[in-house]
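> Sequence:
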Amino acid sequence: MAAITSVAARVIYNSRASEAVEADIAVEGGFRGRACAPSGASVGAAEAVSLPGGGAAEAARLLREGAAGIVGADAGDVEAVHSALRGLDGTQGWSRVGGSVAYAVSVAAAEAAANAQGVGLYESLGGADGARFPYPLGNVLGGGAHAGAGTPDIQEVLVCPVGAQSVSEAIATNAAVHAELGKVLRERDTGFTGGRGDEGGWAPRIGNEEALEAAARACERLGHTLGREVALGVDFASSTQWDASRGAYVYGRSGDVRTPGEQADFAASLIEKYRLVYAEDAVHEEAFGEMAGLAARFPKTLVTGDDLTATSAERVRRAAQARSCSGAILKVNQAGTLRDALAFAREASRAGIALVTSHRSGESVDSHISHIAVATRSAMLKTGVLGGERVAKLNELLRMSGQGLIQGMADLGALR
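The opening position of the sequence shown corresponds to residue 0 in numbering that gives the first Met the number 0, with each subsequent residue numbered one higher.
No lab work stands behind these hints: they were computed from the structure. A couple of the hints might just be wrong.
Label pairs and their calculated CB-CB ranges [stated by the list, open to error]:
(1) Arg349 x Ala67: 16 to 24 angstroms
(2) Arg227 x Thr189: 54 to 62 angstroms
(3) Ala350 x Gly126: 33 to 41 angstroms
(4) Gly351 x Gln406: 32 to 40 angstroms
(5) Ala16 x Thr189: 24 to 32 angstroms
(6) Arg185 x Gly117: 47 to 55 angstroms
(7) Arg245 x Leu404: 32 to 40 angstroms
(8) Gly351 x Gly147: 36 to 44 angstroms
(9) Ala413 x Gly53: 20 to 28 angstroms
(10) Ser244 x Glu208: 46 to 54 angstroms
(11) Ala7 x Thr224: 47 to 55 angstroms
(12) Arg349 x Arg9: 37 to 45 angstroms
DMTMM-like cross-link-like pairs, simulated, lysine to aspartate or glutamate; straight-line CA separation at most 20 angstroms [what the hints assert, rightly or not]:
(13) Lys182 x Glu208
(14) Lys272 x Glu228
(15) Lys299 x Glu209
(16) Lys272 x Glu209
(17) Lys299 x Glu271
(18) Lys272 x Asp242
(19) Lys182 x Glu219
(20) Lys299 x Glu289
(21) Lys299 x Asp264
(22) Lys272 x Glu346
(23) Lys182 x Glu209
(24) Lys272 x Glu285
(25) Lys272 x Glu186
Don't be surprised by glycine CBs; every beta carbon is placed ideally from N, CA and C.
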């Protein structure tokens, strides 16, 4: 047992220079863990409330005031830490203290326990036997809530190095595609100044399909064949376009208005034309039926729920019953605690739904999600290609590879 001996909380700043909650946990023997809660710009309706009304400062204050209720809990027991946090906040969505507190404390506690055991966090949470590296899924072009006016309505154009034989090769491939895409964009528009969105993807003035054309061209100029060495993906973030009052998807930048059927057809057309290996939130967060149609139609594409599944065991069960998706995003802060995120991961895995552990747009240099991705046997780790807070996650994978405990890359199965 690694009993918690002290809890500290502070407000720091994330990659968007927004306030964030960071927690320090100490356990018997003087071992420590630290975690900073990330935050999203595109937030699903079903995810945990990130912060209370008073923001990060109030969240940190509430944690300090309630720290005595956490001291004594076994840091290595995710259930015990979850229960202690529930003593501070009994609301369903963590609206009293905020999901940021739940995240920071539960992840910092797990890190402290791993340090006390003298093992990596991924070993403590999931063991090393059978562990493989997730494929890095890199944001190379941003739009939507992650970038400014004139960028695409679709939120992310992504690249996945599906042919890579090692994590180092995978990271290098994504970096090369990102750099080549910058050249393609400058050739296309000499006025492009190299602006980037929240997650490090290029943020040009460009249409939705033009963005994919540019990314495909960058891959091809590097000698890659789409679907063989590399593959493209899209985060549609369709809930941001969905207007329930009109029953339609309203694209504010392109001016398009699509019925639910037209939206599904639009997503299908991009999947087919660009051989997408990954399609996230192609329809809005309650459209389980339309999502199921896409999953059935494209078995070689990871049709993935983010807002749809919201790192909720209950929602992923619903998705499994409806056969709505073949992949699901794992974001610990959507659930709140590490315990709830791991319960979601188990539920998804039992249903044969591949996991994609993901960063958020507002990040720190923490690298816990790299360990969580390996521990949960995630197929992919969705993070950026550029930016210190994104590269930190990739560098941690490289450090882990040097230990020699993780063998090879994840099995992408039917996606290859």
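> Determine for every hint whether it applies to the structure shown.
So, going through the hints one by one against the coordinates:
1. Arg349 x Ala67: 16 to 24 angstroms: Taking Cβ atoms as reference, arginine 349 and alanine 67 lie about 37 angstroms apart, which means the hint is violated.
2. Arg227 x Thr189: 54 to 62 angstroms: Since the Cβ atoms of arginine 227 and threonine 189 sit about 32 angstroms apart, the hinted range of 54 to 62 angstroms is violated.
3. Ala350 x Gly126: 33 to 41 angstroms: Distance hint for alanine 350, glycine 126 is violated at roughly 21 angstroms.
4. Gly351 x Gln406: 32 to 40 angstroms: Since glycine 351 and glutamine 406 have Cβ atoms about 22 angstroms apart, the given range 32 to 40 angstroms is violated.
5. Ala16 x Thr189: 24 to 32 angstroms: Taking Cβ atoms as reference, alanine 16 and threonine 189 lie about 30 angstroms apart, which means the hint holds.
6. Arg185 x Gly117: 47 to 55 angstroms: With a Cβ separation near 49 angstroms, arginine 185 and glycine 117 satisfy 47 to 55 angstroms, so the hint holds.
7. Arg245 x Leu404: 32 to 40 angstroms: At 53 angstroms between Cβs, range violated.
8. Gly351 x Gly147: 36 to 44 angstroms: With a Cβ separation near 39 angstroms, glycine 351 and glycine 147 satisfy 36 to 44 angstroms, so the hint holds.
9. Ala413 x Gly53: 20 to 28 angstroms: violated (48 angstroms)
10. Ser244 x Glu208: 46 to 54 angstroms: Cβ of serine 244 to Cβ of glutamate 208: about 27 angstroms, so the range 46 to 54 angstroms is violated.
11. Ala7 x Thr224: 47 to 55 angstroms: holds (51 angstroms)
12. Arg349 x Arg9: 37 to 45 angstroms: holds (38 angstroms)
13. Lys182 x Glu208: The given pair, whose Cα atoms are some 18 angstroms apart, holds under the 20 angstroms limit.
14. Lys272 x Glu228: holds (17 angstroms)
15. Lys299 x Glu209: Violated: lysine 299 and glutamate 209 sit about 23 angstroms apart, past 20 angstroms.
16. Lys272 x Glu209: Within the cut-off at roughly 12 angstroms; holds.
17. Lys299 x Glu271: The given pair, whose Cα atoms are some 11 angstroms apart, holds under the 20 angstroms limit.
18. Lys272 x Asp242: Given pair lysine 272, aspartate 242 is violated - Cα atoms ~27 angstroms apart, limit 20 angstroms.
19. Lys182 x Glu219: Given pair lysine 182, glutamate 219 holds - Cα atoms ~13 angstroms apart, limit 20 angstroms.
20. Lys299 x Glu289: holds (17 angstroms)
21. Lys299 x Asp264: holds (17 angstroms)
22. Lys272 x Glu346: The hint is violated at about 33 angstroms.
23. Lys182 x Glu209: Holds - the C-alpha atoms of glutamate 209 and lysine 182 are around 15 angstroms apart, at most 20 angstroms.
24. Lys272 x Glu285: Not OK: lysine 272 and glutamate 285 at ~26 angstroms, beyond 20 angstroms, violated.
25. Lys272 x Glu186: violated (23 angstroms)
In the structure shown, a violation is registered for the earlier hints numbered 1, 2, 3, 4, 7, 9, 10, 15, 18, 22, 24, 25, in ascending order.
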